[in-house]
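Q: Chain residues, written in single-letter form:
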Amino acid sequence: MVELRSTGKPRAAVRTWTSFMTDFSIIGKPIAMVDAAEKTTGAGKYTDDLSLPGMLIGKILHSPHPHARIKRIDTSRAQKLNDVIAVVVGADAPNPYGILPVGHDEHALAIDKVRYIGDNLACVVAVSEATAEAALELVEVEYEILPAYFDPEESMKAESNLIHDNKPHNLEKDYHHTFGDPDKGFAQSDYVTESRYLANEVTHAAMEPHSTLASFDIDSQTGQAGRLTVWSSTQVPYYLQHKLSLVLDMPMSQIRVIKPLVGGGFGGKSEVIPLEIIAAVAARKAKAPVKITYTREEVFWAHRGRPRTIIDLKTGVKNDGRITAVKARVVQDGGAYCSYGVVTILYSGALLGALYDIPNIHYDGYRVLTNKPACGAMRGHGTVNVRFAFESQLDEIAGRLQIDPAEIRRRNLLKPPCITVNGLRVQSYGLPECIDKIVERSGWKSRKGKMPKSRGLGIACSHYVSGAANSIIRSDMPHSTVNIKIDRDGGVVVYTGASEIGQGSDTMTAQVAAETLGCALSRIKIVAADTDLTPIDIGSYSSRVTFMAGNATMRAAQEVKKQIASAAAKKMNCAPEDLVFRDDSVFKQSTDHVGAGLRPAQEEQNSASVSGRVEGQILRGSLQQKRKDEGPKDSMSFEEAVVATIDFHGALTGTGSYAPPLEARGGKHKGGGVGPSPAYSYSAQVAEVSVDEDTGEVTVHKVWAAHDCGRALNPVSVEGQIIGSVWMGMGQALTEEMVWKDGLLMNPGLLEYRSPSSVESPEIEPIIVESIDPEGPFGAKECSEGSLAATIPAIANAIYDAVGIRLRESPFTPERVLAALRAKKNAKTLDMTEGVDPTAPVRLREHGGALWFKGKGPERHELDPARRTEGG
Amino acid sequence: MSLADFKLLRPRTLDEAISLLAPQAGEGARATRVIAGGTDLIPSMRQKLFEPEYVLDIRQIAELKGIRETEQGTEIGALTTLSCIERSSVLKQHYPVLVEAAKTVASPVIRNMATLGGNICLDTRCLWYNQSLTWRKSCGFCIKKDGDLCHVAAGGKKCWAAFSGDTPAALLCLEAEIELAGPQGTRRLPLNDFYTGEGDSYRRLQLNELLTRIILPKATADLSGTYRKLRIRGSIDYPLAGVAITLKCLNGHIESGRIALTAVNPAPVLVKKASEVLQGKRLDEELAELVGDLAAKTAKPLTTSALTPEYRREMIRVFTKRALLALAN
Ligand SMILES: Cc1cc2nc3c(=O)[nH]c(=O)nc-3n(C[C@H](O)[C@H](O)[C@H](O)COP(=O)(O)OP(=O)(O)OC[C@H]3O[C@@H](n4cnc5c(N)ncnc54)[C@H](O)[C@@H]3O)c2cc1C
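Just so you know, the protein sequences line up as chains E and B, in that order.
Going by the working numbering, the first sequence opens with residue 11, and the numbers climb by one from there.
Going by the working numbering, the second sequence opens with residue 8, and the numbers climb by one from there.
Check before you lean on any hint, since a few could be wrong.
As the list claims (entries may be wrong) - So the derived list for chain E, only partly shown, Cβ under 8 angstroms to chain B, looks like this: (1) I127; (2) T305; (3) E307; (4) T745; (5) L754; (6) R764; (7) S767; (8) E770; (9) E825.
Claimed, not checked - Below, computed lysine-lysine pairings styled on DSBU-like, alpha-carbon distance capped at 30 angstroms: (10) E:K712 / B:K110; (11) E:K81 / B:K55; (12) E:K324 / E:K835; (13) E:K39 / E:K55; (14) B:K55 / E:K90; (15) B:K165 / E:K835; (16) E:K81 / B:K144; (17) E:K838 / B:K307; (18) B:K307 / E:K834; (19) B:K99 / B:K255; (20) E:K835 / B:K307; (21) E:K425 / E:K455; (22) E:K838 / B:K304; (23) E:K81 / E:K167; (24) B:K279 / E:K838; (25) E:K535 / E:K49; (26) B:K14 / E:K90; (27) B:K165 / E:K295; (28) B:K288 / E:K838; (29) E:K455 / E:K328; (30) E:K838 / B:K280; (31) B:K165 / B:K280; (32) B:K165 / B:K279; (33) B:K225 / B:K110; (34) E:K463 / E:K90; (35) E:K458 / E:K712; (36) E:K90 / B:K280; (37) E:K834 / B:K304.
Unchecked claim - Just so you have them, the derived chain E footprint on chain B, three or more residues with Cβ under 8 angstroms: (38) 142-148; (39) 240-253; (40) 314-328.
Calculated directly from the structure, the hints in this document are not laboratory data.
Just so you know, even glycine gets a beta-carbon here, dropped at the ideal spot from N, CA and C.
Given these sequences and hints, build the entire structure.
A: Listed below in structure tokens is the structure:
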């Protein structure tokens with residue numbers, strides 16, 4: 011850690027007067043989401059609700075084999091079926107694509123090989139879903155089955171039959187980082203501990219299944235297919251536009267992507283998903299609009315969730331609990347395609363830093379290809395599984411050194427502003443306060459160690475980026491740009507590329523714009539995520555929207571406001587700097603602005619004032635006429651000020667954009683671009699659990715979750731995000747797990763993939779900590795992902811506190827807990843998880859998870875490594 | 008997943024229903040299916056487990072609904088919903104074990120649709136069976152549907168799909184009888200005789216028969232009883248193991264006791280020996296342990312669902328023991 015000296019002047023970039031205001035009228039208020047009504051009444055339209063005249067339905071044929079060469083594919087019988095309009099195959103769109111520039115390894119439909127059960131082979135376009143499904147049965151495919159790889163450690167040994175020919179040993183990417191002097195760090199330590207942790211695979215399970223509607227216009231000049239419009243459930247409209255242009259060989263300017271309402275993403279829609287490309291390719295061939303909506307099973311195959319991960323973690327500490335060195339080896343079972351994999355494996359290493367002060371770090375990360383659906387980005391991308399290991403190990407160390415687990419965390423705090431040993435710049439740092447708050451609220455000091463039998467408390471911390479400082483496409487382009495237009499109707503239209511996916515992006519944009527302009531919230535209209543209308547924003551992922559699009563919105567609003575201020579200042583005979591914009595009016599700083607027609611803020615939010623005039627008068631300019639002789643005033647309504655500005659300047663527009671500052675973009679080492687962020691959020695949690703020692707069932711009674719979000723622009727929405735993160739983390743901790751049998755997903759549905767129901771949702775007490783980040787919009791930073799990672803180890807540590815077992819394999823299903831309890835008591839062992847001890851797991855089992863299926867499963871090649879008989 | 012086209016038959020009386028069923032009933036996957044609440048049938052039709060030409064909707068038949076007290080006991084119409092059973096004061100008072108079991112089924116919303124008849128007739132379940140057509144194709148199908156081998160018992164030619172209804176375990180403890188109506192009139196049989204113990208042809212219901220009524224005898228009214236269900240989530244999940252117990256105690260001694268299991272065999276089963284062992288005994292820790300072991304021996308779970316068979320059998324033991332001790336207090 012390098013401490014940054016305070017220079018006396020604010021660290022923030024150029025700011026205007028609003029950034030230092032503390033008394034806000036719109037932000038900081040728990041207002042309802044701007045799209046709440048349409049969502050709760052069902053009036054809102056998601057992609058699958060849309061339909062176009064002549065629209066056809068597409069259905070995708072998926073591979074039944076985990077790894078096979080396609081010898082022949084014959085669609086003629088399917089094509090002949092009544093009401094089938096077209097059948098598309100790989101040859102119809104052979105250009106490769108992928109979300110990362112280094113990972114263009116996907117095709118719209120398989121060209122020569124299929125690489126997982128569920129891989130995409132062909133798409134039938136028909137007038138109805140049932141016809142399309144029936145036609146799928148008529149597509150004939152002849153395969154040559156190849157050996158398949160399911161275990162990442164086995165896969166790394168592969169010499170032949172590689173999943174991708176250009177990836178030797180099925181290794182997508184490996185990184186080896188050394189920061190500081192880890193050997194010396196371990197040598198200086200008083201106590202070293204080392205363990206293996208396994209985290210099984212989880213997926214997003216967003217409520218809305220993916221859906222895409224694609225339609226071509228006919229070019230009036232040529233009569234050929236012209237521009238393409240795609241409506242899609244996406245978190246990243248601009249990436250989609252870009253990848254469509256690659257695969258379809260069309261200029262981006264000819265492609266328009268529109269994002270309707272999205273029913274949750276959690277990362278599962280943060281890259282281009284096969285159906286989005288397939289729908290467009292199919293629409294081109296069918297010469298008609300085509301809609302594809304995934305079944306839930308297809309959502310599981312599209313996946314892009316959190317990979318099964320092996321973490322070998324070693325930590326060295328001094329007797330006082332100070333960490334001297336950390337060494338981590340992480341192996342990720344990435345599935346058959348690159349997806350965001352390279353970023354995931356880098357985050358797993360980079361985010362060892364920026365939470366605590368760790369002077370020496372060694373990291374070996376391996377992203378491995380296997381014949382399973384591709385893993386990608388999922389809430390808490392890259393950090394979650396490693397954090398589970400780290401916080402569990404820290405708890406163990408605290409126990410060993412007899413230091414309170416909350417205290418050992420305090421002893422390892424960073425001293426911001428600083429740059430961590432791995433090059434991450436940390437400015438605002440609310441972790442100490444988060445720890446204080448949960449210790450106080452949970453009664454930690456008085457209750458820890460004195461809990462009733464089988465009941466326990468556990469603590470853990472986590473952090474996350476507020477957007478990546480470097481975009482996945484390396485360039486100096488701003489990450490967000492926002493345009494604002496105000497016309498004579500007094501309405502403020504904000505054009506933002508930011509994608510509302512349920513997280514509150516549109517609401518945040520409206521609040522930031524209204525606060526900056528000092529106008530009523532009801533004036534703000536959001537036009538979002540439509541590539542024809544809105545300027546580029548790279549999307550809703552890595553918790554970047556509030557920080558980056560929020561800053562861009564604020565800058566656009568400030569630009570507009572400057573124009574209004576100069577016009578209003580002329581009217582009021584004062585300097586523009588003397589004006590205050592607030593509560594839908596503009597007034598001189600010195601005046602008692604109650605006289606300016608100020609109403610209680612609550613009311614202001616709901617209605618834009620019209621200053622007692624008939625709306626139409628403004629258009630005729632009669633307002634100016636009427637008031638011409640009134641002389642200079644002390645205040646104006648927002649609308650009057652707008653009209654005055656438009657009279658002086660013409661149309662009132664402004665643009666703001668945001669690019670992360672150079673100082674925040676990280677170290678120069680290979681892979682150093684992933685991990686840096688302009689700001690980090692911080693979280694600390696205490697979980698209270700009880701364990702049924704006869705059944706192994708774990709009940710989470712309560713979670714206290716403190717989260718440093720910089721500033722809560724909308725506290726109710728921040729609380730919602732904290733609660734959601736804890737709940738999702740609890741799912742991964744206790745019940746959620748993708749279970750495999752030779753590459754076949756055994757639980758591709760929400761009945762057998764068990765996200766928690768409301769019954770087992772514990773009481774969650776969200777605690778907002780505000781560290782006011784110097785660069786965030788109004789000081790705000792991330793709040794939607796960072797809390798998730800703390801929940802899993804908090805529960806693991808609470809289980810240890812309750813019954814003395816240290817679970818190192820997640821999820822902590824009842825059978826794993828019982829197996830561990832039995833082992834501890836030396837009681838009769840039960841062969842519950844293939845003889846594996848969840849307190850000392852050895853390897854990921856090919857057949858995955860809690861279940862092991864002895865059955866036949868999909869057909870296998872005789873050289874298949876997984877065919878060898880399994881040892882214990 | 009689309010729902011394939013079918014013709015919907017909607018009779019208003021039982022006779023009409025039987026007459027429609029008799030000539031229509033086809034063979035195999037195309038055979039006419041009866042629909043009550045549809046919470047089991049519809050998902051299976053989407054997965055192409057059934058592709059009936061005709062679906063016979065019995066929901067219009069008023070005589071199949073409701074709970075009546077009669078001379079012999081209490082009769083429950085096959086169409087009575089589980090939420091109706093949950094709220095019934097008669098059942099709560101006299102047959103609490105049934106109410107308790109009904110309350111654990113699926114979720115409140117599903118129980119508003121789900122019927123008792125449907126719960127009894129419920130198809131057996133298996134992770135290798137309750138999957139989409141594409142999925143099943145990728146592992147070469149299974150013996151229960153379109154294939155010729157069982158995946159869970161390697162090399163096995165017997166289907167081990169587990170019966171996974173909750174209420175039948177309670178009904179077995181209550182010695183319930185059921186009435187079936189067909190073209191030849193009605194027949195009545197103990198519920199225990201309804202199930203075959205085979206995972207594929209799991210019930211003794213002719214293609215042209217309907218389940219009309221469930222009769223709870225007077226003799227088993229007012230027994231103390233309880234139902235314990237193993238599931239991962241507190242709602243929605245099917246049972247991974249279920250134990251129902253009824254006891255009649257006199258002066259601290261057990262006059263009679265019955266224990267039935269569900270979700271761990273292809274049929275809901277009575278733990279036969281348990282009744283003998285319990286009879287006349289005083290309930291203590293040791294006896295509960297012994298009976299728990301007996302129950303666990305009766306359970307034959309295989310990898311048909313989540314959680315390992317070993318664990319599920321172990322939970323049968325734990326739940327039985329705990330339930331007995333809870334009833335003793
Ligand atoms: C998400 C989910 C969770 C579930 N969880 C549980 C659970 O925890 N426990 C549980 O027991 N069940 C569960 N179920 C299954 C189902 O909801 C219940 O078993 C329900 O009671 C079935 O009744 P139904 O009326 O909906 O049956 P239907 O779907 O209408 O019918 C089921 C079967 O019975 C036949 N049938 C129905 N009525 C008659 C009759 N009168 N005569 C002849 N044949 C008939 C049908 O032909 C069909 O084969 C769940 C279902 C879902 C979708």
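Q: State the violated hints by number, sorted upward, taking the hints as numbered earlier in the document.
A: Violated: hints 15, 27, 34 and 36.
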